[in-house]
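Produce the entire structure from the sequences given, and follow the hints as far as they go.
Chain by chain, the residues:
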Amino acid sequence: MHEYATAPIPGFKLSRQPGDPPPGCTLLGGIGLPWLRDLDFGTTWVDRASAEGGWPDNVRFEDLSYAAHRVMHRLEELQPSRLVIVGCMPRGDAPAGTIRRYAVADLPPLDLVEVHERLTEAVGGIIDLDHTIAVCRWAKAFPDDTTIVEVEPEERGFGLGFSPAVERAIDEVLVLVRRGLAGGEESPQ
Amino acid sequence: MCFKNLPVDFDADGKAFLKPGQTNPYSFDPVTSQRYVRPSSGTGTALADAPPRLKEWSIDPVTRVAGALAVHTVLDLDARVAVEAHSMAMLFRGYEVILKGRDARDAIDISSRACGVCGAVHSTCSSLAIEMAFGICPPPLGVLVRNLGEVAEMFYDHPLHLGLLAGPDYSTAIVSVTNPELISLAERTPSRHAHVHGYRTVKDIMDGLNPLEGKIYLESLEYTRIARVMCTLMYGKYPHPSTLVPGGVSTTITTTTFNEYYANLGKIIDYAKRLAGIWDDLCDFFLEANPRYAEVGERPSNLIQTGIWDDPEAYDATYKNCDAWGQKRYSAPGIIVNGELITTQLTKINMGIEEFVEHSYYDDWTDQGRKAGHFPTDPLGNPMSPYHMWNKETIPRPEGKNFKEKYSWATAPRWDRLSMETGVYGRMWTTAMARQLPDNPYITATGHSLRMVLPRHELPEMELEWKVPARLNALERNRGRAYGVAFTASIGMINLMKAFEYWRKGETKVATSYKVPQDERVGVGFWEAGRGYLTHHMHMDKGRLLNYQINTPSTWNASPRDPFDKPGPYEEAIVGTPILESGRDTDVKGIDILRAIRSFDPCMPCTTHIDTGHGIITREVNSCGCTLED
Numbered sequence: 124m125h126e127y128a129t130a131p132i133p134g135f136k137l138s139r140q141p142g143d144p145p146p147g148c149t150l151l152g153g154i155g156l157p158w159l160r161d162l163d164f165g166t167t168w169v170d171r172a173s174a175e176g177g178w179p180d181n182v183r184f185e186d187l188s189y190a191a192h193r194v195m196h197r198l199e200e201l202q203p204s205r206l207v208i209v210g211c212m213p214r215g216d217a218p219a220g221t222i223r224r225y226a227v228a229d230l231p232p233l234d235l236v237e238v239h240e241r242l243t244e245a246v247g248g249i250i251d252l253d254h255t256i257a258v259c260r261w262a263k264a265f266p267d268d269t270t271i272v273e274v275e276p277e278e279r280g281f282g283l284g285f286s287p288a289v290e291r292a293i294d295e296v297l298v299l300v301r302r303g304l305a306g307g308e309e310s311p312q
Numbered sequence: 011m012c013f014k015n016l017p018v019d020f021d022a023d024g025k026a027f028l029k030p031g032q033t034n035p036y037s038f039d040p041v042t043s044q045r046y047v048r049p050s051s052g053t054g055t056a057l058a059d060a061p062p063r064l065k066e067w068s069i070d071p072v073t074r075v076a077g078a079l080a081v082h083t084v085l086d087l088d089a090r091v092a093v094e095a096h097s098m099a100m101l102f103r104g105y106e107v108i109l110k111g112r113d114a115r116d117a118i119d120i121s122s123r124a125c126g127v128c129g130a131v132h133s134t135c136s137s138l139a140i141e142m143a144f145g146i147c148p149p150p151l152g153v154l155v156r157n158l159g160e161v162a163e164m165f166y167d168h169p170l171h172l173g174l175l176a177g178p179d180y181s182t183a184i185v186s187v188t189n190p191e192l193i194s195l196a197e198r199t200p201s202r203h204a205h206v207h208g209y210r211t212v213k214d215i216m217d218g219l220n221p222l223e224g225k226i227y228l229e230s231l232e233y234t235r236i237a238r239v240m241c242t243l244m245y246g247k248y249p250h251p252s253t254l255v256p257g258g259v260s261t262t263i264t265t266t267t268f269n270e271y272y273a274n275l276g277k278i279i280d281y282a283k284r285l286a287g288i289w290d291d292l293c294d295f296f297l298e299a300n301p302r303y304a305e306v307g308e309r310p311s312n313l314i315q316t317g318i319w320d321d322p323e324a325y326d327a328t329y330k331n332c333d334a335w336g337q338k339r340y341s342a343p344g345i346i347v348n349g350e351l352i353t354t355q356l357t358k359i360n361m362g363i364e365e366f367v368e369h370s371y372y373d374d375w376t377d378q379g380r381k382a383g384h385f386p387t388d389p390l391g392n393p394m395s396p397y398h399m400w401n402k403e404t405i406p407r408p409e410g411k412n413f414k415e416k417y418s419w420a421t422a423p424r425w426d427r428l429s430m431e432t433g434v435y436g437r438m439w440t441t442a443m444a445r446q447l448p449d450n451p452y453i454t455a456t457g458h459s460l461r462m463v464l465p466r467h468e469l470p471e472m473e474l475e476w477k478v479p480a481r482l483n484a485l486e487r488n489r490g491r492a493y494g495v496a497f498t499a500s501i502g503m504i505n506l507m508k509a510f511e512y513w514r515k516g517e518t519k520v521a522t523s524y525k526v527p528q529d530e531r532v533g534v535g536f537w538e539a540g541r542g543y544l545t546h547h548m549h550m551d552k553g554r555l556l557n558y559q560i561n562t563p564s565t566w567n568a569s570p571r572d573p574f575d576k577p578g579p580y581e582e583a584i585v586g587t588p589i590l591e592s593g594r595d596t597d598v599k600g601i602d603i604l605r606a607i608r609s610f611d612p613c614m615p616c617t618t619h620i621d622t623g624h625g626i627i628t629r630e631v632n633s634c635g636c637t638l639e640d
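For the record, the sequence lines run as chains P and R. Heads up, the first sequence is in the numbering used here, so the first residue is 124 and it goes up one at a time. Heads up, the second sequence is in the numbering used here, so the first residue is 11 and it goes up one at a time.
One should not assume that every hint holds.
When the alpha-carbon atoms are kept at most 27 angstroms apart in a straight line, the in silico DSS-like pairs for lysine-lysine are as follows [what the hints assert, rightly or not]:
hint : chain 1 : residue 1 : chain 2 : residue 2
1    : P       : Lys263    : R       : Lys247
2    : R       : Lys508    : R       : Lys330
3    : R       : Lys110    : R       : Lys416
4    : R       : Lys29     : R       : Lys381
5    : R       : Lys225    : P       : Lys263
Footprint (simulated), chain R over chain P, 3 or more residues, beta carbon under 8 angstroms [unchecked claim]:
hint : segment
6    : 169–175
7    : 222–230
Calculated directly from the structure, the hints in this document are not laboratory data. Remember, it's a predicted structure, so these values are computed and weren't measured experimentally. A virtual CB, placed ideally from N, CA and C, is assigned to each residue, including glycine.
The following block contains the structure:
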């Protein structure tokens, strides 16, 4: 498979901004679609998790609700050593509120045609967890230790607030992520 | 004479008036839409003698464009040409309705979300409309920071389109399937600009455009990173900046901000030098290999541009003076009809615009022009059509889904009832012909070209000349877009030097204070997106929006037929496009049709922004054109 050449522009230095965490942090990122009820889970979860406190010192939070290639660029700037992305994806194969946790390293090999299609959608402004996973895997922008935690949504209409099942999942995901970071979780399932 | 079709004339002082003696001057009788009928080959020749092999061919969705676009075409396989086209915007949203009744200032942040590619153009356009309505004007450095942000945003749009969206249509991966004979020719064709861009042959360029692995493809993706960094310097945050405010920007600017911007602009300047050479070599190769590539996506040279990048000493945000400050813009507003510049006055551009819905999923709010609009004139007394955006009502009606009735969520904007196209090449065209650019060391408008001096960075100083094309087609749109990066970079240099001047003089204020007026006001933002024309028309009272209408470049380009059965620009560009693929009819991939469409850089999220009024639609639904009735 072709290897994406990071930053091939001569002389270009990755832009790190004041307040950016030091390289090697653990990054908890959320991907959500604002005002679309359960689909905004990732963004809201990161806000709540950040506000709750009690996280290890090297943990940082970031709203990653932007297009896949922009997430790719941002991760290349932040250079986390560990990444957890939280989101809500309608897979339709489980009841609302079901939590799925999986390691990116365990995913099947990338289909490059699919990556191309997802990337061309992303550059048109589409924000989508699967686009982000595909593009960042292709670009090798994820750290080796990258875990996705996603919730099956129920309400996907316009508006604020989660369905009861997804609301309940907030605390469950908090527990799951905390346990994972503490090393109490064996392999993602 | 400015208008040939509208009922408007001008007196000796240039003041517009409605031609007398007409009860309903803007009314019309709609023309029934006709499907394609193959002409007879001569008197007495039965059409059935040689039955045409017409093939309906739908592309839904059109990939490698932003948003949901479908195109339905009819191909004549005997003549190997597209003979009919319908362009269908398949997605609809709700910005006009969402904004109604809100605090006028909300429009800046909300309208930004109309586009996931270039939200800041909407924020800026909205700021301009609000400034006009509020009667405020930013300080000069505020105008310059806004200009520099918009320069940066174009550096996101153009490279992406050339590298990731349109570029692959000319890649080895695609051409080896559709026209393998061109690959061997490209291998034998040296690149004329190899000394600039480093690609020895045209085949090397085509390899560079291969998806996910070609160097040009990957490089364009990387340059969007630089664009984002530059945008963030000016806006604080990107995409969807929150620092654009009525009367300027709220960004904290320091000397470092400008210095960092300058360092990144230098990289873009070098990239622009290479990009122009790459696309010159590629376009020339195709045109020389087969001159019929000039027919791909060809349509009349009718263009509309609203202009962008204000002169901080000229811009006063008033409608009264918009002709004067519009003509001082670094990219000129203008109307081009059949290749000739008709006007550069924003009032005449504004006066001539109507937005029809005959073939769109909306109801007509004017009784076909017989019902007068809320504003029969603009604030200066110039006549306005009831179909003008200040008079427009958004009444969704997704019924009558067939090509004779309604088939798109896009409306049909027209200027002087002509189908107009817009794009980065359009703004270069008006700027070249208008010759109104202020003295500067970087760009000269010659009347038929733009000469640009790109300063030394890592590559030496270089002069580029973009010439107004004799024919407007897919290749020239892409060539123009490549030169557009150089044009934009030159404007970036002019504005950055001016910003340094103001900074040195101590004029560092970037925003002005304001009070929200409580009386009835109107405003319009004239601006441009990467793809060209952009307007936001607003009407407010007691600080709240009574009406807000967004009209975008792809609304013009993707428009369906109008009430006079004249097709929109995509449709015009497709009809007559030859099928130049070398394979058999059964192997036709439609690459030339796709090249025609993609050359416009379609952006459908911007194009359609309404809701049903009975609930907001949040899912897009694509349907094949074949589900429509004939």
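Verification of the supplied hints:
1. Lys263(P) - Lys247(R): Cα-Cα ~25 angstroms, so holds.
2. Lys508(R) - Lys330(R): Distance ~26 angstroms between Lys508(R) and Lys330(R) Cα, so the pair holds.
3. Lys110(R) - Lys416(R): 26 angstroms, holds
4. Lys29(R) - Lys381(R): Status holds; Cα separation ~17 angstroms.
5. Lys225(R) - Lys263(P): 17 angstroms, holds
6. 169–175: violated (count 0)
7. 222–230: This one is violated; 0 residues, fewer than the three required, reach chain R with a Cβ under 8 angstroms.
Checked against the numbered hints above, the structure breaks hints 6, 7 and satisfies the rest.
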